[in-house]
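If you read the protein sequences in the order shown, they are chains A and B.
Per the working numbering, residue 1 is the first one in the first sequence, and the count goes up by one each step.
Per the working numbering, residue 636 is the first one in the second sequence, and the count goes up by one each step.
Warning: the hint list may mix true and false statements.
Some chain A residues judged to face chain B by a derived CB distance under 7 angstroms, without partners named [said to hold, decoys possible]:
no.: 1; residue: GLY155
no.: 2; residue: VAL294
no.: 3; residue: ARG517
no.: 4; residue: LEU519
no.: 5; residue: ALA521
no.: 6; residue: GLU590
no.: 7; residue: TRP592
no.: 8; residue: ARG599
no.: 9; residue: TYR634
Take a look, some chain A residues computed to stay more than 10 angstroms from chain B by CB distance [what the hints assert, rightly or not]:
no.: 10; residue: TYR116
no.: 11; residue: ASP157
no.: 12; residue: TYR171
no.: 13; residue: LYS172
no.: 14; residue: LYS175
no.: 15; residue: GLU267
no.: 16; residue: GLN310
no.: 17; residue: ILE360
no.: 18; residue: GLU509
no.: 19; residue: PRO513
no.: 20; residue: GLU527
no.: 21; residue: THR555
no.: 22; residue: GLU595
no.: 23; residue: LEU596
no.: 24; residue: ALA602
no.: 25; residue: GLY622
To be clear, the hints were calculated from the coordinates, so they are not data collected in a lab.
C-beta: ideal position from N, C-alpha, C; glycine also.
Protein chains: 2
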Amino acid sequence: MATYSPYCKLKEVNSDSVRWTEGFWAEKFELCYKSIIPNMREAMNNPNNAAVFKNFYIAAGLEEGEHLGTFWSDGDCYKWLEAVAHVYSVTRDKELDCIMDQLIEVIGKAQDLDGYISTQIQLTDVKRWQDKRYHELYNMGHLMTAASVHYRVTGKDNFLKIAKKVGDYLYKTFKSRPSELAHFGFNPSNIMGSVDLYRVTGNIKYLELARIFVDMRGSAPGGSDQNQDRVPLRKENIAVGHAVTATYLYCGAADVYAETGEKDLFESLERIWRDVTTRKMYVTGGIGALHRGVSVRGDLIHEAFGFEYQLPNSTAYNETCANIGNAMWNWRMLKITGDAKYADVMELVLYNSMLSAVSIDGKRFFYTNPLRWYGKEHRLLSSDAYQRWSIFKCYCCPPQVARAIAWLHEWVYCLSEEGVWVNLYGGNVLETKLLDGTPIKLIQETRYPWDGHVKITVNEKTKCAILLRIPAWAEGAEIKVNGKPADVKVKAGTYVGIKREWSLGDVIELSLPMDVRLLEAHPKVEEARNQVAIMRGPIVYCLESVDLPNDIDITEIHIPHNIKLTPRYDENLLGGVTVLEGEAWRIPEEEWKNELYRRITASSAEPVRITLIPYYAWANRGISKMTVWMPLCYF
Amino acid sequence: MATYSPYCKLKEVNSDSVRWTEGFWAEKFELCYKSIIPNMREAMNNPNNAAVFKNFYIAAGLEEGEHLGTFWSDGDCYKWLEAVAHVYSVTRDKELDCIMDQLIEVIGKAQDLDGYISTQIQLTDVKRWQDKRYHELYNMGHLMTAASVHYRVTGKDNFLKIAKKVGDYLYKTFKSRPSELAHFGFNPSNIMGSVDLYRVTGNIKYLELARIFVDMRGSAPGGSDQNQDRVPLRKENIAVGHAVTATYLYCGAADVYAETGEKDLFESLERIWRDVTTRKMYVTGGIGALHRGVSVRGDLIHEAFGFEYQLPNSTAYNETCANIGNAMWNWRMLKITGDAKYADVMELVLYNSMLSAVSIDGKRFFYTNPLRWYGKEHRLLSSDAYQRWSIFKCYCCPPQVARAIAWLHEWVYCLSEEGVWVNLYGGNVLETKLLDGTPIKLIQETRYPWDGHVKITVNEKTKCAILLRIPAWAEGAEIKVNGKPADVKVKAGTYVGIKREWSLGDVIELSLPMDVRLLEAHPKVEEARNQVAIMRGPIVYCLESVDLPNDIDITEIHIPHNIKLTPRYDENLLGGVTVLEGEAWRIPEEEWKNELYRRITASSAEPVRITLIPYYAWANRGISKMTVWMPLCYF
């Protein structure tokens, strides 16, 4: 039961209307179901992990002990629950249903009578609402979202009842807009959560709560760029501060706009989006360049956007949660506008800076997603390790990855009065009803992203438009209907609508050009100057040292501007990936001694075969060196 | 009357033992005398400037008014006085003597009875020693140094008397090491100043005062990396925080070591020096990469060293005062050790990141010294302007430049028991006595840095070594004595001693190879990856947009690794400079639209004549674009 937001041009389909059938995302969904979710469950039962279920059991009076992990442990547990609910919407796995019900029961018992729940407060001497760093709103926000998803996919209201008590409590607490709470919360999942709750309950007070949360930020002195509460969102022009809290705010504000149509909110989001995408985003879609730094307005910031064009590679922070937040924000902007540019960013994140966070076996995770790595001699950011890990001191990212993968089938299609919008490509089946109630069934078959050919079979007789997203990189894409070129103008970076009376078995064929693209960055991005990044389709490639002979250093590889890179699918490599192979130049360098500058030592070049792998698949074969940007040579 | 520091291998010569005669530094000295110093005097009489003499007149009760300018205005006035004294040591210009005496008299009247002087405190409601940001120690430190120089060059004690009262007052205030003053002062010129006072008075208590100042830093909790008072210097391993306060501390500690020989102090300085020169220094010798940032230990820092290998070009802060501080520190390390590596850094700063701070006409100054500039579209650091300025909101840098140029003749030679050390090359005459008392006179003739040929005529009959510094870049340097190859091994990066019985008129000829050098940075310097900087002799070159046709953007110029660059001296350009001319590649780029990444657009290359100018001379021909690092191409 989807509810349609009045100010969204595109409407979501029901969670159980789409399922992956084969290929890339079907495999990732399966990985999520069979490996990521159970492995995370194990981690969250490990008292050494930063997010643990046990806190709920203690708060419920069912177990003894002290609060474990981080302030935001509860929220990360809810995110895992949300991921499970998404998987359940497709699999209808009774065991998952049972696992969810068990945990929901405990959560219900842990909840205070007045609706408040946050075990990091309930189990300690700290009073409620003392410090935004305690993440009470983050936790309760994720509860509301997880419960809304759970209700949508199961139809059961056991979790929703808890969430409504939370929503009612928060409404009571915040309706007077108490100025001492103006800068709560840090990482505002509560905005999305309130709107989610509004959408499943129809109770307007939860929408009002969401609006209050948006408006309170920056409404009192003492805010900071770190938490986007120095400048009210409606007046903000730039992306600044913590990149996760930023995207959560932007997502929440987009959700509010989707329901209320407040133009100034959307205009702010558009200004900030331009700032992100033209000055502050990595080629992988990752955001949040800095581990620690200072904002343009002088505030101490961490895990944050840098200055414009400040995009270092080896220290790129790109927290997994922020990258996925970026995708979630673009998903919302897409639904509001139907503009393909948002889908491009969304897809860019999904295949690259989201997927890089999880190992090929689904068991280990990265918190940060840098674009260059020096192996054992890498200077570590304090928030990550040399390799992906299974348990960690800050466990927000794994459930963020899990819910993104588990949820992705819902992002594939949208509906509008025109018909069906196809946002993403992958083997799947859609069975739903158009907005006018007529049923539609689409069968999508493709080896995308390894192959650019997508076949969509229409398995209902219906009259509507089917709108295919042509990625901005897909200049020269072609569309055929039943084997004949479609009578449409196919323009990259738009949705191309094919409107007709569809007959059972009609076939649309989309051919996306999968040539290898050599990318350059704006010259003001100093860290990418005279270097090249390589993409094919939506996939960003990288050079990893394990694919080079031992005696060649990764820094010695230079990419000729006219390199011929040939794709080769290797089903046995890294879960099945298409690698790019070609001949680059090795310009041998003398070893660097204790010096910072020296005469250029290269005097010769020799051709060398290189193999590039998808960026997301790096760091699965031991500690390695890696780079996305490589020196470019023109002659 | 030089005093010899016991733990310095090399001893200074008297201030009036050397004078520039012709060539590069003689012209800069003349510029300092005739333009920089009078123009600065005018600026410091302008109430809109940040440093003004008027404060002394008000404090002395000679004029009415309120304190003007910055907290550190006094110190900047003393630095100007110091520059005047240095110029006076050579010129014996009576007017300068008179100007100094007038101002010294006023300063004396402004001084409190107990010796304290700091007009920013005396003329306001603020009490003494309330906040290190008030720069009391910075001001009084520069007073002690300026007075010591004044006494050394004039023999008059009018300023020295004031300084001794200051020193006595400070000794009384700090001898008990009051913990509440543990983190005073910000920018510790007071350490150098105390040692300077000790050296001219012989009063050991001023040396003790300097040691107290070194030891107190970091001795109590609450310090910060910004001011190098989080970690005691003796335990520090890295260069961190404000780059001016850092070099002032290192200079002061080196001065203390020179007198006391405390090994752990020198070992700290060596560790920090390695960190700076192998990880945190620009190719121009500039230091302090960041306008604002965060230290590795989490402290908010500004005008500061960045992380290791973090050397952005367009936002490079490189405050003039810090660069000169770097030269001053290396000058001290050179005297302590006699190791040529310190002289290399010193010379690098002098010709590049020191001199870039002043316009060719000596009238205008830069506070920051970036290595890349985008012209009118440059994103300004808050502390500088699009062009050099004559008055400014923070006027510490101009007197720092003035005293460095005015003082430089003292850095040319040193003495040791072996003989005379030649540190710098330039037309000059040395007349002094060796440590054993025998007189020596050297006449140095050269067009260095434009030409590598240096002729030194010995005009005394004496037996000693003359030790010539061979810069590290000067592989293949040759030395002749009286036209015949000297029987010595000439190794770059060392001092080469020629020991013999010198006869009147003996001639040493040094030939330094002046080939153009293409430099690369360590690959971890991401902002210089696959780019090249160009040097000839000690001069760093840059490409400035005024030297390109209008239709060619500076970003389009690529430097082939085998480029042939020909030096050409142009006496009419920029005060007389040697430019480098050659043929590079223009790789035309399409104009960047509102995008951050795109397919590489370059498809062709055309040869283009380029002219490179010395980096120090950029920004003298209107608002321009400029870059030191340029894309490198290998084929």
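Evaluation of the provided hints:
At about 44 angstroms, the closest approach between the beta carbon of GLY155 (chain A) and any beta carbon in chain B exceeds 7 angstroms, and the interface hint on this residue is violated. Hint status for VAL294 (chain A): holds, given a least beta-carbon distance of 4 angstroms to chain B, under 7 angstroms. At a threshold of 7 angstroms, the smallest CB-CB gap from ARG517 (chain A) to chain B is about 6 angstroms, leaving the interface hint in force. Interface restraint check for LEU519 (chain A): the shortest CB-CB distance to chain B comes to about 5 angstroms, inside 7 angstroms, so the restraint holds.
Annotation: interface hint on ALA521 (chain A) holds; nearest CB of chain B at approximately 6 angstroms, less than 7 angstroms. This hint is violated: GLU590 (chain A) has a C-beta 10 angstroms from the nearest C-beta of chain B, more than the 7 angstroms allowed. At about 6 angstroms, the closest approach between the beta carbon of TRP592 (chain A) and any beta carbon in chain B falls short of 7 angstroms, and the interface hint on this residue holds. With a least beta-carbon distance of about 6 angstroms to chain B, the hint placing ARG599 (chain A) at the interface is held under the 7 angstroms criterion.
About 5 angstroms separates the beta-carbon of TYR634 (chain A) from the nearest beta-carbon of chain B, less than 7 angstroms, and the hint is met. Taking the minimum C-beta to C-beta distance to chain B, about 33 angstroms, the non-interface status of TYR116 (chain A) holds against the 10 angstroms cut. Annotated as non-interface, ASP157 (chain A) keeps its C-beta farther than 10 angstroms from every C-beta of chain B; the closest such distance is 46 angstroms. The Cβ of TYR171 (chain A) sits about 38 angstroms from the closest Cβ of chain B, beyond the 10 angstroms cut-off, so the non-interface label holds.
With a minimum CB-CB distance of about 38 angstroms to chain B, LYS172 (chain A) clears the 10 angstroms threshold, and the non-interface call stands. Non-interface call for LYS175 (chain A) relative to chain B: holds, since the shortest CB-CB distance, roughly 37 angstroms, exceeds 10 angstroms. In this structure GLU267 (chain A) is separated from chain B by more than 10 angstroms, as the shortest Cβ-Cβ distance comes to about 17 angstroms. The beta carbon of GLN310 (chain A) sits about 8 angstroms from the closest Cβ of chain B, which is not more than 10 angstroms, so the claim that it is off the interface is violated.
No beta-carbon of chain B is positioned within 10 angstroms of the beta-carbon of ILE360 (chain A); the least distance is around 26 angstroms. The beta carbon of GLU509 (chain A) sits about 26 angstroms from the closest Cβ of chain B, which is more than 10 angstroms, so the claim that it is off the interface holds. Residue placement check: PRO513 (chain A) keeps its beta carbon more than 10 angstroms from all beta carbons of chain B (closest about 12 angstroms). Consistency note on GLU527 (chain A): stated as away from chain B, yet its beta-carbon is not over 10 angstroms from all of that chain's, at 4 angstroms minimum.
With a least beta-carbon separation of about 4 angstroms from chain B, THR555 (chain A) fails to lie farther than 10 angstroms from that chain, contradicting its non-interface assignment. Residue placement check: GLU595 (chain A) does not keep its beta carbon more than 10 angstroms from all beta carbons of chain B (closest about 6 angstroms). Remark: the non-interface label on LEU596 (chain A) conflicts with the geometry, its nearest Cβ contact in chain B lying 5 angstroms away (cut-off 10 angstroms). With a closest Cβ-Cβ approach of about 7 angstroms to chain B, ALA602 (chain A) is found to fall inside the 10 angstroms limit, against its non-interface label.
Remark: the non-interface label on GLY622 (chain A) is consistent with the geometry, its nearest Cβ contact in chain B lying 21 angstroms away (cut-off 10 angstroms).
Hint violations for this structure: numbers 1, 6, 16, 20, 21, 22, 23 and 24, all remaining hints satisfied.
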